[in-house]
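Colleague: For reference, the chains in residue letters:
Number of protein chains: 2
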Amino acid sequence: MPLNALNPRSMVELNKIVIYGVGLIGGSFALALRRAGAVREIVGFGRSRATLEDAMSLGILDRIGADEAAEVADADLILLATPVAQMSAILSRIAPHLGANTLLTDGGSTKGDVVAAAYANLGDKVGQFVPAHPIAGAEKSGASAALAELYQGKRVVLTPLPENSDAAVASVRLFWELCGAAVCELTPAQHDEVFAAVSHLPHLLSFALVHDIAQRDDRDLLLSFAASGFRDFTRIAASSPEMWRDICLANREALLGELGRYQRELETLHTALVAADAAKLEEIFSLACSVRSGWAPK
Amino acid sequence: MPLNALNPRSMVELNKIVIYGVGLIGGSFALALRRAGAVREIVGFGRSRATLEDAMSLGILDRIGADEAAEVADADLILLATPVAQMSAILSRIAPHLGANTLLTDGGSTKGDVVAAAYANLGDKVGQFVPAHPIAGAEKSGASAALAELYQGKRVVLTPLPENSDAAVASVRLFWELCGAAVCELTPAQHDEVFAAVSHLPHLLSFALVHDIAQRDDRDLLLSFAASGFRDFTRIAASSPEMWRDICLANREALLGELGRYQRELETLHTALVAADAAKLEEIFSLACSVRSGWAPK
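Top line first, the protein sequences correspond to chains Z and U. If you read the first sequence in this note's numbering, its first letter stands for residue 140, the second for the next number, and so on. If you read the second sequence in this note's numbering, its first letter stands for residue 140, the second for the next number, and so on.
These aren't lab readings, by the way, just hints derived from the structure by calculation. Keep in mind the model is a prediction, meaning the values are calculated, not measured. Possibly wrong hints are sitting among the right ones.
Pairs count within a copy or across copies, as identical chains cannot be separated in the list.
Quick list of in silico lysine-lysine cross-link-like pairs, DSS-like style, CA-CA up to 27 Å [unchecked claim]: (1) K279 / K419; (2) K437 / K264; (3) K155 / K264.
Let the hints inform the model, and build the full structure from the sequences given.
Modeller: If you want it as structure tokens, here you go:
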């Protein structure tokens, strides 16, 4: 039965969701499930009191969490939407208090490290945790960037664990679908390799270009002549430095593989330029142009 | 007197403009000057008969040129809007026939090579040539991509030669301003260094990333997970391979300098990743983020 034939209200209504990190990812999840009528109460935790208060005033949260042990004990669902580097400490704190029927998912951009943190901290409750990566980043962050429609038509990758029951995976899938997302599955390792190539490396390269220019005495002159090509190439260099530092470290091994490949690609181009090898340059540009022209994001 | 206080029709009306290459750059120049009422007749030359006929049917041209020597003898203005690698041959052919009052300008993305071609071919007529670079590229090309408003609010860089009279520079400046552009001046060498950094290198890097992915067996899987960050980073990889081959070769020296700098930047990032040096990564990302967040294209 296709999801859009169902009335979500009649199908799913959670008593309580607990969200760690009420920024773009966590806040949008809350707004989307609230709009779908899928939850009675949303409780938030986070490092910044100001962000939590923003989230209250924006209608993202019903309450700011106080007694963590009590909140996670009777939650139907916990979403970890903090930077990935903070998830291990959260899992460690909450593991002893998790209710037997509480499901967990996350919004982290890397999965190998999150899965490792889950195994390290959740013990025999690891089957309650169904890792997820919503492909809906933006250079904006914070509660004020959250949107009920952020996940509409976007992909969410689940990377289920052998310990997850079919019912746990199906439930977590449904919550993301109620946010409007198209859900698919990869293994954690596949996920990290794919995203090192198509997301993490491009971010690193974009930061590198702007950093290279930013260090120069004539950077204002240079930037005054930069146009739409530079604008689009460097849009992602305005992304959160802290978040991307964590992503790069969390997915270090796959990212190093991709960076090494790319450095060899640049060495090939450098050699072709030194030799003024027109045919080689055109061959590289032509394949890139034909593949890029035939592609559009899903 | 500010330009917008003038009625262009009362001020400038050229009898004839000859345009070499009636694609995005040349076609848009024609449409803009026609809309400004600044020209009686526009004549086009080009390698492709089909493109010239497109340009006729789109109202870009009044005539397709036939007798080149006669056409350039009484033209008021000639625009070279072909790929830069073709300009030397054109200048060589037309130099003996150029009228004494005919001005030339161009739309090339590199200036050192175009200026060298002008000196090599125009002899004592080189003062009639005022080199220009309109900063209005797009990944689209061809006559059908031409727009009367392409240059509106865009920058055009003139790189005048010592042999240009003040009157010649002022006239060519005015034609570009009549297209709606904001005109500024750099030396040819300054121009090529600036654009190697903010345009030519980003194009090379974008082509390189897509080429790297395009060669893999799992490219369709990878591309199926690429999202808006990848989309924007690689938009310019859909640019014309032939044009960018020529630009890279024409500005080879400055581009090699920029590519070398960037390769060292990646080596720094590679070292930081290998060492899991969180502070170094954050320092690089933070400077890039703050500079990029504070910048917008003019």
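Colleague: State for each hint whether it applies.
Modeller: Against the structure, the hints:
| no. | hint | verdict |
| --- | --- | --- |
| 1 | K279 / K419 | between (39 Å within a copy, 23 Å between copies) |
| 2 | K437 / K264 | neither (35 Å within a copy, 55 Å between copies) |
| 3 | K155 / K264 | within (19 Å within a copy, 81 Å between copies) |
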